[in-house]
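There are 8 protein chains.
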Amino acid sequence: MTHLPDSGPLPGVHDLGYARLDTDRLERTGDAEVVYGAGKTPVQIVELLRTLHSTHGGRAALATRLSPEAQELVAVELPEAVVDPVGRTAVLGTVPAPSGTVAVVSAGTSDAPVAAEAATTAGVFGAGVELITDVGVAGLHRVLGVRERLAAADCLIVVAGMEGALPSVVGGLTGVPLVAVPTSVGYGASFGGVAALLGMLNSCAPGVTVVNIDNGFGAGVFAARVARRAAPIEVKEQ
Amino acid sequence: MTHLPDSGPLPGVHDLGYARLDTDRLERTGDAEVVYGAGKTPVQIVELLRTLHSTHGGRAALATRLSPEAQELVAVELPEAVVDPVGRTAVLGTVPAPSGTVAVVSAGTSDAPVAAEAATTAGVFGAGVELITDVGVAGLHRVLGVRERLAAADCLIVVAGMEGALPSVVGGLTGVPLVAVPTSVGYGASFGGVAALLGMLNSCAPGVTVVNIDNGFGAGVFAARVARRAAPIEVKEQ
Amino acid sequence: MTHLPDSGPLPGVHDLGYARLDTDRLERTGDAEVVYGAGKTPVQIVELLRTLHSTHGGRAALATRLSPEAQELVAVELPEAVVDPVGRTAVLGTVPAPSGTVAVVSAGTSDAPVAAEAATTAGVFGAGVELITDVGVAGLHRVLGVRERLAAADCLIVVAGMEGALPSVVGGLTGVPLVAVPTSVGYGASFGGVAALLGMLNSCAPGVTVVNIDNGFGAGVFAARVARRAAPIEVKEQ
Amino acid sequence: MTHLPDSGPLPGVHDLGYARLDTDRLERTGDAEVVYGAGKTPVQIVELLRTLHSTHGGRAALATRLSPEAQELVAVELPEAVVDPVGRTAVLGTVPAPSGTVAVVSAGTSDAPVAAEAATTAGVFGAGVELITDVGVAGLHRVLGVRERLAAADCLIVVAGMEGALPSVVGGLTGVPLVAVPTSVGYGASFGGVAALLGMLNSCAPGVTVVNIDNGFGAGVFAARVARRAAPIEVKEQ
Amino acid sequence: MTHLPDSGPLPGVHDLGYARLDTDRLERTGDAEVVYGAGKTPVQIVELLRTLHSTHGGRAALATRLSPEAQELVAVELPEAVVDPVGRTAVLGTVPAPSGTVAVVSAGTSDAPVAAEAATTAGVFGAGVELITDVGVAGLHRVLGVRERLAAADCLIVVAGMEGALPSVVGGLTGVPLVAVPTSVGYGASFGGVAALLGMLNSCAPGVTVVNIDNGFGAGVFAARVARRAAPIEVKEQ
Amino acid sequence: MTHLPDSGPLPGVHDLGYARLDTDRLERTGDAEVVYGAGKTPVQIVELLRTLHSTHGGRAALATRLSPEAQELVAVELPEAVVDPVGRTAVLGTVPAPSGTVAVVSAGTSDAPVAAEAATTAGVFGAGVELITDVGVAGLHRVLGVRERLAAADCLIVVAGMEGALPSVVGGLTGVPLVAVPTSVGYGASFGGVAALLGMLNSCAPGVTVVNIDNGFGAGVFAARVARRAAPIEVKEQ
Amino acid sequence: MTHLPDSGPLPGVHDLGYARLDTDRLERTGDAEVVYGAGKTPVQIVELLRTLHSTHGGRAALATRLSPEAQELVAVELPEAVVDPVGRTAVLGTVPAPSGTVAVVSAGTSDAPVAAEAATTAGVFGAGVELITDVGVAGLHRVLGVRERLAAADCLIVVAGMEGALPSVVGGLTGVPLVAVPTSVGYGASFGGVAALLGMLNSCAPGVTVVNIDNGFGAGVFAARVARRAAPIEVKEQ
Amino acid sequence: MTHLPDSGPLPGVHDLGYARLDTDRLERTGDAEVVYGAGKTPVQIVELLRTLHSTHGGRAALATRLSPEAQELVAVELPEAVVDPVGRTAVLGTVPAPSGTVAVVSAGTSDAPVAAEAATTAGVFGAGVELITDVGVAGLHRVLGVRERLAAADCLIVVAGMEGALPSVVGGLTGVPLVAVPTSVGYGASFGGVAALLGMLNSCAPGVTVVNIDNGFGAGVFAARVARRAAPIEVKEQ
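Chains S, B, F, C, G, P, W and V are the protein sequences, given in the same order.
The opening residue of the first sequence carries number 1 in UniProt numbering; numbering runs sequentially from there.
The opening residue of the second sequence carries number 1 in UniProt numbering; numbering runs sequentially from there.
The opening residue of the third sequence carries number 1 in UniProt numbering; numbering runs sequentially from there.
The opening residue of the fourth sequence carries number 1 in UniProt numbering; numbering runs sequentially from there.
The opening residue of the fifth sequence carries number 1 in UniProt numbering; numbering runs sequentially from there.
The opening residue of the sixth sequence carries number 1 in UniProt numbering; numbering runs sequentially from there.
The opening residue of the seventh sequence carries number 1 in UniProt numbering; numbering runs sequentially from there.
The opening residue of the eighth sequence carries number 1 in UniProt numbering; numbering runs sequentially from there.
A portion of the hints provided could be inaccurate.
Far from chain V by the CB rule (all over 10 Å, computed), these chain W residues [stated by the list, open to error]:
hint, residue
1, A19
2, D22
3, L26
4, G39
5, R50
6, V82
7, V194
8, L197
9, N212
Which bits of chain W does chain C cover? Going by a derived footprint, with three or more residues having C-beta under 8 Å, they are [unchecked claim]:
hint, stretch
10, 87-97
11, 148-159
12, 173-182
Derived DEER-like restraints, expressed as beta-carbon distance ranges [what the hints assert, rightly or not]:
hint, chain 1, residue 1, chain 2, residue 2, range
13, G, A75, B, Y18, 17 to 25 Å
14, F, V76, S, P85, 36 to 44 Å
15, P, G17, V, H141, 35 to 43 Å
16, B, E69, C, G58, 38 to 46 Å
Hints in this document: simulated from the structure, not taken from any laboratory.
By construction, the Cβ of each residue, glycine as well, lies at the ideal position given by its N, Cα and C atoms.
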């Protein structure tokens, strides 16, 4: 017995052999599929970006978790793409006009890749983005110094590793919806981000929600959806 | 040496001896403090509800996790309060006029208490609420049957125990921001809700965020904040 | 003291020095032993396949978990063998005429290796096999589209990583016996497949059984045993 | 804000207020819904059994996980029901004529409740059932003594706590499809059945599948589905 | 065979049959033994307190983890003892003149018992104690308001449950040696204090040490040892 | 369908309905079966002890894990039995003449029940027993004081909870075979004995083996088997 | 500040700079120290073996966990040493005349390295050793075939990975003291040997003790101590 | 959308692009920031050391967790720095005159890197340091031999891997404040230091505090703070 051929073509699917693009997703959820780069070859990523871009009418196509090799090939083959080596992302095509604001707040310099992935994703998914880095809780003056900028956002993404305390501190300062992203930054009993994840799930500040460890992409999608449907700030007089 | 007297009174705090109400929170975050009933006596809960109500100008005061005894005393002492035995909550005072809509979706009848806590909380925090129960993934026709109602909400709360698969299914059907609540419903290797929690954190549907096990209150606060700042649906022509 | 010589030859055992083939297993259980390739050298694997083949009268011999090097050597040394680079298997000899049908369903493209291993195994162990890939729960239309093919099988193998929700959805659509295989696909709090494993063990659909993480082989053996003893479908009028 | 009324009646659902029976399941999967007794009052259980029985044309209705109080009330209110205090089950109505055979094997006397639940479930779901108890691996002569009875079954359910070794031993003796059920029997580092669960997932015998800890019901459903579609033994000349 | 008589009397041990007091410990470590009340009867606790008191020359004897029944009997039988129902402690005899200062800081009202145990212990072990309660990180103004009192202590004990973020915030504000005590306050994925414990072990503020969950006693002993050997503040001009 | 009758009588088994005694075990392993009292009624325990005693020619029969009620009934019904309320055991019949010596060493008074169970078991299984209690590592003078008695034993059982450090200290002082028993004594992050179990498995002293948490019985059986086959000390001149 | 010089020389210690040999251990425990090779350079291992050998009067010196490079250098530099590439050990000097017998039993070919380490260690520590390999529980005929050889040993070492069931089966067949060694062989939910470790700790056969995962050395030391003090078999007439 | 520019310069922060130095920390806590070398390039580390040194008036600047490459570049570029290859640290500038004494005690040679990191850190943070190595509990004579040196310190740092028993033994010998550091030394069920961490958290010796696994730096900071505020020993006559 040999490897069986799979079931035939399906509507709403663009089959590339090694991957199938769910071209129906845009209609179903309002957002297009993206390229998750981990485990894919640079050549595949370039082709997937091109295909997503062309099958969605020039809409910005996003690729995440790109290896340095993939970033390099994308830069060569798709010179109009914007590659971010910090967040390991590439964007091909024009991002939407921003609607609402997502503020991405991170605790330490090691959290930068996850924060950048979240920021780029939120932008591609239609939100305006503000990045506020290096405001760890061991230096409270920095958090307090950006308090007004936090309160002005429509949705907050708070990125932290180690003990993951920043969302509790930020969540106590403002009532803006807050998505916490634990990162795998830490060592010993941080268990690859589990300590930060548990800290965020148990936050004493009400209204904090959490995504998977290092999942900047998921936080970006969620926050953009919140921000872009938010009414302009001056309307929110409750 | 005996038990030392504590530090003196503080601004923004209402001290009842056994608890201190953070009366400054409303100004800081836009939402008032609530009474977490677990570990408090019925008499304390009644007093706390009364105090919250009177110090916040008649605004609706919420108490959660009430024992049957506490529910009974609240009903007797505060007859104008609305007590919900399913969600184990009590609300004293008029809830705000609803702004935006939160849809609370639950998988099984055992998830009802958590779903009810989330629904009541979202209402007290200013959102309109729709409750859609018993739409477990083992009977997909029910989920598909409510698809339009899901898409019409400003924020979704999806409550499920056991394997916690419902948020993935719902998240694939719509692009509405979705907060997942794992419940401790299950047995054996469900580990008191850990299986559902992990399932939700690893959801293959993008844009799913998660709160702590059985934390209907936290989901309700978050979702209400999203919903009440959402622009009316007809405006969202992006 | 040096390394002691081991006990002498035993009946029902073919001793190759670095491994012993349990040649009695076929009689005991109706199925022959297979070559588990992990940790063995390409040369050993070739010899083991040849020996299994010759000591079992030309019956198809299966090797699993083959490294690229092992696949290459098998292709060169045993040109009549069928090597599957996706499932990392090799089969030497004629597979049995298929009896009954196993449908192997997988959630995402990353689950393909485990699904292929399961499919090849089920074929070698005597069942007909149908492969249905890329039907993740975040795009329900695909699952619903193959519903009749699922119902027509004698046993289902459902392969999924991340939250492992697919078995619950499939198990709610049909009463065919269902074996779930969690894969190590995922990141962060997926813990190398533990999230999917727990999700499957806690499935709300009755009649779902589970094998170890990435254990496509075990699922294939089990499902083939179920399928090949199933009576033809038209007889099952209960 | 008070507890919101839920969504209206749905097709394929029988609504009892505190629970909804999925009356469509029989058509969808070939098996009717059952009453999971944990967390339900004796009065509710009696009503649910009656309703299941009447809405399914007198087909046998099953209730599991019944407290002593529930067993007692069922015996009084539904005298025609068969109540099993060991397996904590009740069956109302005539079980189907058995088709195929499930052998339920258990390791120790403490595993009896889970084994009985599995046996009763398999019977209600249409299989013939044979119960073989107390064949722990520390006394191999007992396992070996029932070898022929094991080989004659169409599906095996093997129930064990502590180290959960019995499925490996049984699975090495026969090629009959085998579902292993870990039980929470044990102490110390058995962690409420986790040791047995891990043992079974890692069984060195191929073709062993596993269900959740103490989940005799799930194993019974699965095994009955396998057994009742098995061709009569004399046909299986492969 | 019956229960064997144990080995005979030993120097430095006062044998009461059901317990042995290590009367040599005072000389060895500078601190006397205490009565750990969990699992002991009220009568035993009274006798142990009396014995400790008399064998150590009237030095203050401490008992911890006292049940309400034990507290009551101690109050009746040893009227000169000071019983603290919050911290569940009793102290018989005069506490030493305080040397140095320990500040005990706690996050929420539910952390009060652990904070009180730490405070009483530190006092009995020779330190002056200041108690600062209810300064959770979700209301930063309170932490910032006590900043000077924190900086004036010789050692800090910071008690917190849930996500355990308070030590990171306090540790960023001052260089005083800081012992963090995680409490079992929380629910769901707090896992009985594990979330707080991990948070504290991974604190981003340098110089934070941790004791076991709810171990106010251990923190009190440690902090008192630090405080009482501290030079008066005016000397520390480094 | 009702609860099926089980398989018929078996050789080497004495069937009491609710339990089966493995009367063949004595011949197979040299040791008779014992009564594990947990989960059995007092009446059953009395009957099992009587039966074991009579079917094994008056040999001492052991029952472990007896509740206070079971201890009481045994004392009334079997006045010749020796009941130990500390170790929760009962012994009916004459213990064998002791052969070799087992020394049972325990760390704290809370470890006494497990140590007593180990000591009684070792005696019933044929060894001489010496009990050395309360030699925790926080008071090293006591361990050092019994060093010669430790070295004179044929096998050591070392019982400890909390951090489980005693086996490492004892194992560094002598070369006698050492079985470590972790106990569930402790709190917080002791996780019911897991901390002690891990400590013992990772002991830096070579030649330490471990049994399950609180498993004094298992340690007693093992140590007695070692001790009773040990040659008299004067022969061991190596 | 730079790296401080350490404390001076100590009696009973041979200082090599990068390691200190505890030359007093032989007198204290009857057994000499060994070289744990992991993390040491080949040159260091050669020097340590030489030093141990010369400081202990030619007694056999053992090194374990040797990398291929270390094995090679030992073979070149110490040609009289016996190097075992399977068990990754080297022995320099004459092993003692064997006293008593240790039987090392292993389940699969992948367990061979741990079994070989245990066997070599037991020999160096003074016992006679018999190696019985490849007797996994999935082929019971092999275990039963060596039953007499098992019963003739003074101590058993049973090595198994995956579900770790072999000690339960062997422990039910004989009353010889049994040390179980879990190995890290397995995948998925075997968690690097944890499944086997838990299985062995929860063995239903009484008298099974356990060592750390892959710790063949520890089992060898322990078993040799038991065997070499065992009286010749003909004396043990109990 | 491309990577957004971050927020502008902040007071008390020295921005180097890839990192920001918290230059305000010295004033806030009395101690300057340090360079955590993991994940930074050698060039960055050299620049950070230089910057810290120059912005803090020549005060000793510390870098930890340096790779061999980083150590080499520091030695070349900053020849006046003191590089310690054991502890993987570099110190640039004059350490403060020592105040008080920290004794760093370690169990085995493998714990040396963590002990050295702790010792260097304590020195840079202003304490006198004494290093006492290789005093594992399996050779108690060594611990007892240094008892007076332990009692003479102002704070103890006790470093141990495997079962982590050393702090319990040391803590029972002296009343000096004791910080325990678990190391990741061990294998199998040591779980990368978790066994040692749990052992230390559950120490039976009162007054033991713990830091994260391998966190020599944190222990050094804490201990130095205790030691440098300690009054000279002759004053401590309590």
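So, going through the hints one by one against the coordinates:
no., hint, in the structure
1, A19, "violated (5 Å)"
2, D22, "violated (5 Å)"
3, L26, "holds (12 Å)"
4, G39, "violated (6 Å)"
5, R50, "holds (18 Å)"
6, V82, "holds (24 Å)"
7, V194, "violated (7 Å)"
8, L197, "violated (6 Å)"
9, N212, "violated (4 Å)"
10, 87-97, "violated (count 0)"
11, 148-159, "violated (count 0)"
12, 173-182, "violated (count 1)"
13, G:A75 - B:Y18: 17 to 25 Å, "holds (21 Å)"
14, F:V76 - S:P85: 36 to 44 Å, "holds (42 Å)"
15, P:G17 - V:H141: 35 to 43 Å, "violated (60 Å)"
16, B:E69 - C:G58: 38 to 46 Å, "holds (45 Å)"
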